[in-house]
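Enquirer: What follows is the residue order along each chain.
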Amino acid sequence: MLEVLERVHQAVNKQITIDGTHLRSNIDVTSETPMLTVIREDREEFPILVTASIDQILCNAVLFDEKQIKEGRQIEINEMMLQLNMAMPLSSFAKTGQYYSVFGALATESIDKNILLEIEMLSDNVIDALEVMNPFLI
Amino acid sequence: MGFLTKVWTALRGVGHETEGIFIDAQGIRILEQEIRDAKEAQIGAKESLTDVMAEQLKMERQVELTRKNLAEYDQAIRKLLEQDNEALATETAEKIAEVEVELETEEAVLNSYNEQIADLKVTILESDKQVKALEREISIVKSTEAAQKAAELTAKRFSGSHSSLQSASDSLQRIKERQQKRKDKMLSARQLLKETSGADLKDKLISAGVIHSQANGQSVLERYKVAKDQA
Chain A
1 MLEVLERVHQ AVNKQITIDG THLRSNIDVT SETPMLTVIR EDREEFPILV
51 TASIDQILCN AVLFDEKQIK EGRQIEINEM MLQLNMAMPL SSFAKTGQYY
101 SVFGALATES IDKNILLEIE MLSDNVIDAL EVMNPFLI
Chain B
1001 MGFLTKVWTA LRGVGHETEG IFIDAQGIRI LEQEIRDAKE AQIGAKESLT
1051 DVMAEQLKME RQVELTRKNL AEYDQAIRKL LEQDNEALAT ETAEKIAEVE
1101 VELETEEAVL NSYNEQIADL KVTILESDKQ VKALEREISI VKSTEAAQKA
1151 AELTAKRFSG SHSSLQSASD SLQRIKERQQ KRKDKMLSAR QLLKETSGAD
1201 LKDKLISAGV IHSQANGQSV LERYKVAKDQ A
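These protein sequences, in sequence, are chains A and B. Going by the working numbering, the first sequence opens with residue 1, and the numbers climb by one from there. Going by the working numbering, the second sequence opens with residue 1001, and the numbers climb by one from there.
The following block holds chain A by itself, in its conformation from the complex (with noise of 0.2 Å):
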């Protein structure tokens, strides 16, 4: 799967968002599955993790630990999280393990423009999320 994350690389890598920011991306292949981290400049506390599979290209964003949900209002988030699911741009929410996050997922076939605007919109929508759940986290 590794041609598959060194193409996303080659899409995403140095370039240019439509507010002028810059991406980056590097691929990390020292652990048993392959992995692309991929940075927008000014938001680097969420970096976009992308890996692949047979079928899809995976890109997620960790958005917080469920321990930074303020006293029970875990309820409420993750019914928020259902409820906006639908209306967030080619991006959704999940969980994995204690982790928050939102996720996109492409087919593997997925030309280099495509690719680009999803995480271009999945770095957006970290932001949007945050913004929206913000009164629940510590």
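Since the hints were made in silico from the structure, they are not lab data. Please read all numbers here as calculations on a predicted model, not as lab measurements. In this text, a Cβ means the ideal position worked out from N, Cα and C, and glycines have one as well. Treat each hint with caution, since some may be false.
Not close to chain A: a few residues of chain B, all C-beta gaps over 10 Å, as computed [said to hold, decoys possible]:
1) Ile1030
2) Val1052
3) Ser1167
4) Ser1171
5) Ile1175
From the structure, some residues in chain A lie toward chain B, with a derived Cβ separation under 7 Å [to be verified]:
6) Thr17
7) Ile18
8) Thr51
9) Asn60
10) Asp128
11) Leu130
12) Val132
13) Pro135
14) Leu137
Model the placement of chain B on the given structure of chain A, informed by the hints.
Expert: Using the frame of chain A, we list chain B on its own:
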């Protein structure tokens, strides 16, 4: 069991104690074993298919031979009856009865071979689909697991020397401040550009009413109307 059901079972099994391992190595090993089993079943089915097809061919030839025999006896008995050879005709009729039973049995066997072949072909096709589905599952599980591990790494990287994770709230605040700074910088850059190009003086003169704002369509039209009236 559906794929999501499997994932959910694995999640409930290991998710909470190990704090977020998506599917353990054991889970992947089980899926890999399932693939091996499906592939073995497929090899078995393919071998049976070759065997049955060989038998089917043999039986087809046998049926053909029996039919030919029957046709020969059929011609013979007609001739014998023409020749009024009652004795030999009776003997032949008995032979025909025997061969007819033989043919019927052989055709039944041939039919069952044909059915077996169809069944085996379906089995092979299905196990082929199953292997592909399982391979997809492993691939998805592995990439999702990698995403999860990456999430932990990221969390650790940004958590600094303290054990508590950096709050998303703080990060958001910082990003917003950074964005505001960027906007301010762009605004002042634009301001500077305006001043150096003299646009700023013009703006001041306009607001002081010294010069009129840029000509618009209406004012040009008025000018022409006046010129026309004067002519």
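Enquirer: Quick check: which numbered hints come out false for this structure?
Expert: Violated hints: 3, 4, 5, 6, 7, 10, 12, 13; rest satisfied.
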